[in-house]
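**Q** Using the sequences and the accompanying hints, generate a full structural model.
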Amino acid sequence: QSALTQPASVSGSPGQSITISCTGTSSDVGIYYYVSWYQQHPGTAPKLMIYDVRNRPSGVSNRFSGSKSGNTASLTISGLQAEDEADYYCSSYTSSSTLVFGGGTKLTVL
Amino acid sequence: QITLKESGPTLVKPTQTLTLTCTFSGFSFSNNGEGVGWIRQPPGKALEWLGLIYWNEDERYRPSLKSRLSITKDTSKNQVVLTMTNMDPVDTATYYCAHRRLFSFYDFDIWGQGTLVTVSS
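First to last, the protein sequences are chains S and L.
According to my numbering, the first sequence is numbered sequentially starting from 1.
According to my numbering, the second sequence is numbered sequentially starting from 1001.
No lab work stands behind these hints, which were simulated from the structure alone.
Here the structure is a predicted model, which is why all the values come from computation and not from measurement.
Keep in mind that the hints are not guaranteed to be accurate.
Unchecked claim - With a Cα cut of at most 25 angstroms, we get these calculated BS3-like pairs of lysine-lysine: (1) L:K1066 with L:K1013; (2) L:K1073 with S:K47; (3) S:K47 with L:K1005.
**A** Right under this line is the structure:
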């Protein structure tokens, strides 16, 4: 069960848009629409931001959006704000009925 | 409103068994579809899924840790217990329990605050 692949870091200026990729395999991201994204600020628990590839839980800003193409899922944050600075993790259900997380991406708002 | 809170030892010795309890409110295992998962995060590292227990007693575990893990529930007490045997310093991490979003596969909509467990002699 290998971790999903995410870039270690991304950055953007306030107001800009950024995209974080999450690459898996044909045993997870490639065959299931059960990809989630979590935001984690330092010292706090993760927060669910996107589920089932593109759905937002109630209360999550519509600046956050998700998509998937083949074995790669993506999280896009538009209108970047200082409060978006955090670590982001993707996860996917797998064909072994398990869950795999990505290695995490640190977002810096310049 | 759903809340979860982890409790247990903050320090365990190598080879010992870790037992963590997740006490929750706002939902019940008496209801179909409910589930609670365990996820850990070593200091400065990524999240790692450990396992999940469903309302119907079904359990799922991370394959590489399956021989060391057990997750049980007490419906009457609204608790889930994680047991991990033969602890090693590499198991040092913050351990989270989390509520599985109802009828989802494995996404978690509400998380506990986490508890840091250090494995050291």
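**Q** Would you mind marking each hint as holding or not holding in the structure?
**A** We went through each hint and held it up to the structure:
1. L:K1066 with L:K1013: holds, 20 angstroms
2. L:K1073 with S:K47: Holds, at about 24 angstroms.
3. S:K47 with L:K1005: Distance of about 15 angstroms is within 25 angstroms: holds.
Of the numbered hints stated above, none is contradicted by the structure.
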